[in-house]
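Chain order of the listed sequences is A and B. So the numbering used here is basically just the index in the first sequence, starting at one, shifted up by 385. So the numbering used here is basically just the index in the second sequence, starting at one, shifted up by 1.
Don't take every hint at face value.
Stated by the list, open to error - Straight-line C-alpha distance at most 25 Å; calculated DSS-like pairs for lysine-lysine:
id, chain 1, residue 1, chain 2, residue 2
1, A, Lys445, B, Lys226
2, A, Lys492, A, Lys389
3, B, Lys151, B, Lys126
4, A, Lys507, B, Lys387
5, B, Lys426, A, Lys398
6, B, Lys409, A, Lys398
7, A, Lys446, B, Lys195
8, B, Lys202, B, Lys221
9, B, Lys202, B, Lys226
10, B, Lys15, B, Lys60
11, B, Lys226, A, Lys446
12, A, Lys399, B, Lys411
13, B, Lys126, B, Lys175
As the list claims (entries may be wrong) - For each label pair, taking beta carbons as the anchor points, the in silico distance ranges come out as:
id, chain 1, residue 1, chain 2, residue 2, range
14, A, Thr425, B, Ala165, 57 to 63 Å
15, B, Leu368, A, Lys492, 29 to 35 Å
16, A, Arg522, B, Lys394, 32 to 38 Å
If you're looking for bench data, these hints aren't it; they were derived computationally from the structure. Built from N, CA and C at the ideal position, the CB exists for glycine as well.
One letter stands for each residue in the lines below.
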Amino acid sequence: MDIKQISVFLENKKGRLADVTETLSENGINIRALFLADTTDFGVLRMIVTDPDKALGVLKKHNFVAQETDVIACEVEDKPGGLNKILQLLNANDINIEYMYAFVEKKVDNAVVVFKIDENRKAVDVLRGNNIGLVTRDVLQSL
Amino acid sequence: MIWNQEFETMERTKLAGIQGRRLQELVARVYEKVPFYRKKMDEAGVRPADINSIDDIVKLPFTTKPDMRDVYPYGLLAVPEEDLVEVHTSSGTTGKPVVDAYTAADIELWKEVMARTLAMGDTTKKDTVQNAYGYGLFTGGLGVHYGARKIGANIIPISGGNTARQLDVMVDFKSTVYTSTPSYSLYLAEEGRKRGIDFKKLPLRVGLLGAEPWSDAMRKDIEEKLSITALDIYGLTEIIGPGVSSECEYKDGLHICEDVFYPEIINPVTGEALPDGEKGELVITTLTKEGTPVIRFRTRDITYLIREQCACGRTAVRMHRSLGRTDDMLIIRGVNVFPSQIEEVLVKIEGVEPHYQIVVDREKGKLDSIEVRVEMNERIFSDEIKNLEKAEKAIEEELYSALNIHAKVKLVESNSIERSMGKAKRVIDRRQL
Chain A
386 MDIKQISVFL ENKKGRLADV TETLSENGIN IRALFLADTT DFGVLRMIVT
436 DPDKALGVLK KHNFVAQETD VIACEVEDKP GGLNKILQLL NANDINIEYM
486 YAFVEKKVDN AVVVFKIDEN RKAVDVLRGN NIGLVTRDVL QSL
Chain B
2 MIWNQEFETM ERTKLAGIQG RRLQELVARV YEKVPFYRKK MDEAGVRPAD
52 INSIDDIVKL PFTTKPDMRD VYPYGLLAVP EEDLVEVHTS SGTTGKPVVD
102 AYTAADIELW KEVMARTLAM GDTTKKDTVQ NAYGYGLFTG GLGVHYGARK
152 IGANIIPISG GNTARQLDVM VDFKSTVYTS TPSYSLYLAE EGRKRGIDFK
202 KLPLRVGLLG AEPWSDAMRK DIEEKLSITA LDIYGLTEII GPGVSSECEY
252 KDGLHICEDV FYPEIINPVT GEALPDGEKG ELVITTLTKE GTPVIRFRTR
302 DITYLIREQC ACGRTAVRMH RSLGRTDDML IIRGVNVFPS QIEEVLVKIE
352 GVEPHYQIVV DREKGKLDSI EVRVEMNERI FSDEIKNLEK AEKAIEEELY
402 SALNIHAKVK LVESNSIERS MGKAKRVIDR RQL
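Here chain A stands alone, though its shape is the one from the complex (with noise of 0.2 Å):
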């Protein structure tokens, strides 16, 4: 049920995002999703891509310094409340959400949100148990 998110660290230094796509492009892997968390000095490049362990090779390779992080997706019904629907479900059973960023996806017609949370089982047991969608690694890697 995971997600293998793609994390690269980044210089706040001119071209350097544009060399991650570049190396991801000339690799044939597409971007599904993306969101850059920055400091003053530094940034941490978060990405869903189609084949992140071709994805790692290439930008380890390229002096990257990138790691997988294990992620989970889910579905959320494009209209008002339906973000907050799940933020409260996850609230009531204390579960802490560290970062998440959300995109909409031509294949569900939904909006997805991806959570990073210490405890992945138990958040997808509670949107499982709610029947809130989780969105498969095949369906966000797969183009």
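Add chain B to chain A, keeping to what the hints say.
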């Protein structure tokens, strides 16, 4: 293994007698043949006749690096040019280069002291020496080469750089002894690990590393990563190149080839001689060199001398590994900081790479600021910003407790700090003083 039993284990009073006679001869020779020294000695009011024992050396004037640059190229020559057989120079990055010109006898001397150096790492004719010091005007490559030839070892004169080739050669030719700068040896270890080389399975046994200051913690790191014993070797172009001193297997200070390179420690400010055990600037006199002999050269290296006999049986005085330089010592908000101190702290922190750079700045009307750039790696990387900020904070706190000044730590991308093939550039001082 002791290469030269006679000189390396000589009884100290006998050694002092030899040093005294050699100094007398040297002073008489340079006074007659080198106008530069005659002028210096005349100005200092000292004559060759005033030198009767090695203790009289303190009467002689110092030679500094600027002195040597001023007389470029051949102002220190004590023999006719036709007697020279080889010339080396320093890089000249900070001015005119310093020239080291060798006669045939000087090359023999160089072979001898480098054979002693290599023998401290137990190098014998059975060894294969992978010499990754640069060949050319830089003294490292050929110095090691001559010593290995004298011992009869097999030499691979691969020179510096070309890391992929270094690794192939190390594996294919089963190198047992490796020589380079400490920072390059770490770089080589990293690149080897990336290629899946298991250094534990290679016959590589010992690394003779020098030409830049390094710490015991960095030694430990190198020894683990390359699975070798790493020994510090020391030398400088102004004196001969490598071969001035080196560590034996006890790693308890570097044995100086004292019968030919006479060491003193002075207070770098007053020039006063300091007793054994006290830290100061190392000064060396080349007792027997013919081409470009040097009297009381101020090395700018900070160290101290150890005279108790070493467990290995050598009697020559030892110097502690260079504790820094009088010229790269940073004074930050009145605190003396050596880059080596910062390195000591960094390599002790779990997961931190010893690739770092120190940037010192002084904004107008503000105090000096020091930023330590530390390379990110897989062990400290996290997808969560708070963990990365925590790592920066932790390093900052360690630095504060060691140096007592606040340094800002900045995590930078892996491999973004320049890997030099020679000496690593650790400090960028942007202060307009």
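Going through the hints against the structure:
Restraint check: the Cα-Cα separation between A/Lys445 and B/Lys226 comes to about 20 Å, which is no more than 25 Å; the hinted pair holds. Under the criterion of a C-alpha separation no larger than 25 Å, the hint pairing A/Lys492 with A/Lys389 is consistent with the structure, at around 19 Å. Distance check on the hinted pair: B/Lys151 and B/Lys126 sit about 9 Å apart at the alpha-carbon level, within 25 Å; holds. The hinted pair formed by A/Lys507 and B/Lys387 meets the criterion: a straight-line CA distance of about 23 Å does not exceed 25 Å.
Distance check on the hinted pair: B/Lys426 and A/Lys398 sit about 21 Å apart at the alpha-carbon level, within 25 Å; holds. A hinted pair counts as satisfied when its Cα atoms are at most 25 Å apart, and B/Lys409 with A/Lys398 qualifies at roughly 18 Å. For the proposed pair A/Lys446 and B/Lys195, the alpha carbon gap of about 9 Å is at most 25 Å, so the pair holds. Our distance criterion of 25 Å between C-alpha atoms is met by B/Lys202 and B/Lys221, whose separation comes to about 19 Å.
Taken as a hint, the B/Lys202 and B/Lys226 pair is honoured in the structure, with Cα atoms around 12 Å apart against an allowance of 25 Å. Proposed proximity of B/Lys15 and B/Lys60 is supported: the alpha carbons are some 22 Å apart, at most 25 Å. A C-alpha spacing of about 21 Å is found between B/Lys226 and A/Lys446, which places the hinted pair at or below 25 Å, so the restraint holds. At roughly 17 Å between alpha-carbon atoms, A/Lys399 and B/Lys411 fall within 25 Å of each other, so this suggested pair holds.
Distance hint between B/Lys126 and B/Lys175 is fulfilled; the C-alpha atoms sit about 14 Å from each other, no more than 25 Å. The hint said 57 to 63 Å for the Cβ distance between A/Thr425 and B/Ala165, and at roughly 37 Å that hint is violated. Roughly 58 Å separates the CB atoms of B/Leu368 and A/Lys492, a value that falls outside the hinted 29 to 35 Å. The hinted window of 32 to 38 Å between A/Arg522 and B/Lys394 holds, with their beta carbons roughly 35 Å apart.
Against the hints set out earlier in the document, violations occur for numbers 14, 15.
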